[in-house]
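Participant: Dock chains D, U and H against the given chain S, drawing on the hints supplied.
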Amino acid sequence: MNWPVAPILLPLFTALAALFWGRPGVGRRSLVAGSAAAQLAVSLGLVCATLEGRIFVLGLGAWPARFGIVLVVDLLSALMLALSTLVALASVLYAYAESPTRAEHPLRAPLTQFLVMGINLTFCTGDLFNLFVAFEIMLIASYALLTLEADDWDIKHAFPYVGINLFGSALFLSACGLTYALFGTLNFAQIALRAAPCADDPRLWVLALLLIVVFGIKAGLFPLYYWLPNSYPTLPIPTSALFAGMLTKVGVYVLLRIFGTVLPHELAFAHTLLAVMGGATMLLAVMGAIARNFIRGILSFHILSQIGFMVLAIGLFTPLSVAACILYIIHHIVVKSSLFLIGGVAMRLNGTDDLERMGNLWKRTPWLGALFLCQALSLAGLPPLSGFWGKYLIVVAGLEQAQYALVAVSILASILTLFSMVKIWNGAFWTGSDRVPVRTSDWRWRAMTAVVAGLTCVSLAIGLGAEGVVQIAIEAAERLLDQHAYADAALGFLGKTAANPIP
Amino acid sequence: MSGLRSYIFKAAVRLLFFLVNVFALYLLLRGHNLPGGGFIAGLASAIALVLLSLAIGLEELHRVMRFDPMRMAAAGLAMAAVTGAAPLLFGRPFLEHFDAHLTGLPLLGELHVGTALAFDIGVFLVVVGIACKIMFALGKSTQRLRALVAEEERRYSAPVEQPIEEEPPIRAATNPSTPSPHVS
Amino acid sequence: MDATELCVALALGLPLLGSPLIALAGRRLGSRVGWLALAFPLISTGALLTLAAGVGRMPRRVVEWPWIPTLGLNLSFLVDGLSLFFGLIVSAMGCLVVFHAIFYLGRDAKHAGRFHATMVLFMAAMLGTVFANHLLLLFVFWELTGIASFLLIGFLHEQKEARVGARQALLVTGSTGLALLVGAVLVQQVSGTGRLDALLSAQLPWEQHGSLLTAAMLLLLLGAFGKSAQLPFHFWLPNAMTAPTPVSAYLHSATMVKLGVFLVARIYPLFVEAEPWAPLLGTIAFTTMILGAVLALLSHDLKAILAYSTVSQLGYLIGYYGLGPADGVECDYLHILNHVFYKGGLFMIVGIVAHAAGIRDIRQLGGLFGRMPLLGVATLVAAATMAGIPGTTGFLSKEMMLKEIFGALRDHDALGLYATACVALTSVVKVAFSVRLFANIFLGPMPSRIQRHFHAPSIGMQLPPAILAGCALGLGLFPGVLDAPLRALAVEGVNRPQHLSLWHGFTLELAVSSLVVALGFGLYWLGERTRWRWHIIPRALRFDLAFEAGLEAFSGFTVRVTRVLRSDRPVDYLPILIAFAVGLVGGTLLWNLPRLAGLLMPDWTAVHPLRTMVAALIALALVGVLVLRSWTAQLLSLGVAGFLTCFYFVLYRAPDLALTQILVETVTLLLVLLLLARFPRSAQAGEEARRPAPLRRLFHALLALGVGGTVTALVLMVTADPHPEPIGRGLLEQTIPLAKGSNAVNTILVDFRGFDTLGEITVLVIASLGCLGLLMRYKRTPEEYRQGPLGPPGAGFANEPEE
Amino acid sequence: MSLETAVLVGVMFSVATYLVLQRSFVRILFGFLILTNAANLVLLAMSGRPDGKRGPVVLDPSAPMVDPLPQALILTAIVIGFGVAAYLVFLLYRLFLDQKTTNAADLYEEPESNS
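Protein chains in written order, with this note's numbering: chain S, 172 to 674; chain D, 314 to 497; chain U, 143 to 945; chain H, -15 to 99.
To be clear, the hints were calculated from the coordinates, so they are not data collected in a lab.
Any given hint could turn out to be false.
[As the list claims (entries may be wrong)] Restricting the straight-line Cα-Cα distance to at most 20 Å, the calculated cross-link-like pairs of lysine to aspartate or glutamate (EDC-like) are:
no., chain 1, residue 1, chain 2, residue 2
1, S, K594, U, D686
2, S, K667, D, D412
3, H, K37, U, D863
4, U, K252, S, D605
5, D, K323, D, D381
6, H, K84, D, D412
Bound-form chain S, shown alone:
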């Protein structure tokens, strides 16, 4: 019954334990890693349970939805939990491989766990204001991580990140207020029931647009994505992998949840807007990636470009396209995180990630090259790797809707993605130069590569064993769009009031 709160409490208590522990050491490291593994295990358990059709509902404080906050874990939420905990585990392990205990920043572990707590809460919560709180936990933890290990050069790129997200938070808070006035409630399920009859009320339209702006900032949609590409490259590699994998996808998840479960499905203009913004994002961001000449910069822009694909899929708004979006999210989180980590290994080996000054990696470290090739081609959507299936379904859904222009844009963006991935490959892996050192002398890069290899195996499994994943995605999409089932489950929790029902 209390399972939905476990992925939130575990990181919280881990963070607190790490705080009290003080200095990093082997003991603290094992504790954090153990907890991360436990979180993953719990999340996988939730996935298994929700696959059987269950929806976990937990009224916190034993209050039903109309009094308190409920946590609702359906299949999509459980999937997202599993992915976030997986990436967090990889990030933790990679960080351990990357640096010795004494060099570890003591606050990184607690802050990372707080970040995971915020992310997981976002996926579990069934309440709009609680979502705001979850976002704030996540955001403030991300600010803190962004400036934690910054030097004087990095620090200034945190400023636009913080500024834009502060503005976004103010808008979100206002949107919460407007929602409460309009529907008299903050609970997703209740909003869904009360909003269903007002699909042609312009106030609902305005609210939907405001929410698109708010979550578009988090997701990184075209005119709102500026905070991302210059700030992510200043992060330490393991943290940037976690950010790259999860933070923007939180925005996409919330867009899915809001437009799939909470708001009425008839808001066609909002869907069209999302589709168009998605199209613009994928094209303009991939151009930004081509304009960059260092790995982390290219990858940062690619996050946005891929967000474009996902949001385009939401915008098409058919059960198939929503499934495509979910499939794409699953693929993207794993692939993007591992690409950042691979970039980190390459940086460590070459001493830089400036493509002009890299090289020799394919010759010296073929395994790393194979991993990169796998993930880069997957990102570009080449079959039969994991990125292809989502893209394929998006193309299918787009053609079904006769959105030829958007399909063409997505194809173009894929080609450009391939181009920029080849740019990294040619620059870092194939270029042969006597002046570029490849420092393979220590064992650490092997351990780092091993972590990446683990993630790559997951992504390969997603690609080659697509059947299972596609089925799960379709299932998750169907459940996401089934507003009544969600509402019944969420409002079915009676808690304390069960014994003496109140009229």
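Facilitator: Here is chains D, U and H on its own, set in the frame of chain S:
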């Protein structure tokens, strides 16, 4: 002369500190029924500490306090979270509260004691802790004192880091717009 | 698992699984890994031969294993004549090429494991493509061949040309492959299935979805053109020749580039009767054909000559299907087979020559016959085959080709004429460079430079081209041998086997053929006389240079776009965001104004005088923050506004809020005060002097007013008619009975919504941790900045192209 | 509907927006502080007009009272806003120490001329 005045001032501040804290406690306890609560009480208490620091100085206060307010905040968060998690042991939902009604208490009359109060005390501790920590840290740092004592530095920073109160690195000091040396 | 399934599994699955095995074994076995690799094409060939032996006139067979049934996509393979024919070419050529490569790479080859692994992977992908029974599965393998080809072209990746060539090939074939994907999806959507066996046995719904089907056809053909290097994509093939020659022989003449031909043949029955089929294929393919031949004549690099002649021949093969009748074309297998014999052989020969002589420029070669007689004979046969001299399969092919073309001349008037002219001209040019290829390498005096460098190639290396030449000669002399197998492999609706014989009598074709040979020799003689001085490819035809320049220009364009979008100007981020938000939300409000006007009408009777006064005072204090110049004054003004807000909370019957606000305001102001005390006074004075330009300030003011106006409208709009049953009312009723506290705000905070409070204090703890993190700086030495363990922080910001 | 609150919120949002668009650290900081308050007031407006109602402390259940939920939400938001504001103060302090400036325009090489 001035010694006497400062002594009186310090004594007055101490008295005020005591009074404000009692008031804060009162706010905390009555919060469930009348305006008040952990957050308000915590801030009041923190402001009292700030007053005290003005009177006796930050260094002196640190000697008197002898503990890290940040730890207090973490303890408060832990207390709130544990209070919330306790019902899990009995298979009840997270954060469910239980309570008991006490009557005939001196000073307060009747009092409602419940786990909600423990939760509120957690909030109180967090607020006092972090308000003090950030005020004192910023206060010390802006006065070009070391913001963190050695033990705190060990706990909150990596060995390769240095306090910011010192002169910033050469590159930033000269001109922020010069390209970094690795490019030129 | 029956025999067919077993054979298909052996032929396709084994190499796919074997490829990583070879890569792994490469480290242990060194160059000997090639012998391990050779096993896979041998097994595949054996398995396919077994299949072919049993095929007879049997209709197509489907072998299927489940993969992604949810998407209707299984590992479904179509075994028919066409796939067996191509499959046999792929696997048999695979044996020869791998054998050749073992000697070509030599004993001390580095990374032999990687090379052979990629070759075997490529072969598996090729077999998958030709046997695929689903358009999507075909696409999967199609792109896999592209990836393998990318890796093989870039095998010598330390040379810049190899990297550029590999990138060109990947981008061109990869992106046209995506067109193929879209085409496949369209076909699937229109006809309800992507399975080839179902598609081939049913009619496409041309009446309902004519335009969609035409689009699908064009997209599919686009994919074919890209892979088969047809105009305007022909340029990638010559640049792919930076690969080791075994790769060129295998991928870029014998197999991969024929995928386009294969695809055209595969979809031939589906689309042959479509309106644009013949004109489109005819025009593009025949133009490519003549262009390729001319470019081959104008080239000097041995591999470039062969590459362009491949382009030309591919043009012919595709154009051939363009002009065919509805019930299938004749002799296409013969043409393909013929091309494999001579072109695959010639590529290996060229590789051996370059290996032995160290030169690939035909102008500097000569006199090698004495040193390499076996190779010379093989080259003679292969070149004769290319030129179409009687006694070789090339002659047969040319006879059939001309016969078909004369037929086309009758069927398609203008197009037929064009095709005839192209074929005739191409044949002449082809004879010329065939002669040149043999004569200028093997005859004449040997330049001294070669004499110094020359080292004899091993016999193992020469064997595969000799075998291929032998096939060309033997089958050319006894064409009847081919009759039975070609008849057995013929697929209904695609190809109609023809009886082949050496002598057809004195026909028009023979006359034209003789004329062509004569003219070709003449052209060669002309070239020799002028010492090939005029042989430079005009810049207008260097599509590859244009492509690279285009990529370069596009990269520059992206930098400009990124700059125009202000991606690297952080001070502009917020204005853009706000402008978008205001435009979107405010714009929608304005758009729907008629429907919202009723809600937005202010209710003047409800204005409360005291609140209005306090509100006005707050507004005044805020304006003070705007207009006051001194930081202290601004701070005071802000403080006044804050404390007035507390009063406003009191007026709103919110005692807890007022208390909280007053305390928070105090602490915040103290913090700000500490900060301001640290900022130098000089900075305050300096800031006034550097305010943004007036126009920009006006823009900011407009944005600010827009935000304010929008928010006001939003608040008015939703408060005019709030929901009748807010949950707050229930909380108020239940605060005493359920939460046992009379202060509803507090019961909500610690009980009803205690989780929010837990989150909120977590935020406080995180924020203070963040503050502590900011108080310590990660400091690097200048040396570390130069080559730190993690690279320079923010690398790339300083590397903007303008600097 | 509460007209005066709506207008006040609008004014606060306008002033805050204008301030955060400035370059001076101090003005940006003030802008964000006002922005937080403005968003809180939006929530407050949602509790409806308080005229003739009592505060949400239930002493007499029959008397009309204002909606307590927005107030509780505002309290949470105020606290979160306080944490974020403290972080922002520290960030600006750190930026000032590192970059020796109190002006955001100095942080990034900005060709002011061609804008």
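Participant: Compare the structure with each hint and give your call.
Facilitator: Hint by hint, here is what the structure shows:
no.	hint	verdict
1	S/K594 <-> U/D686	18 Å, holds
2	S/K667 <-> D/D412	14 Å, holds
3	H/K37 <-> U/D863	19 Å, holds
4	U/K252 <-> S/D605	18 Å, holds
5	D/K323 <-> D/D381	23 Å, violated
6	H/K84 <-> D/D412	55 Å, violated
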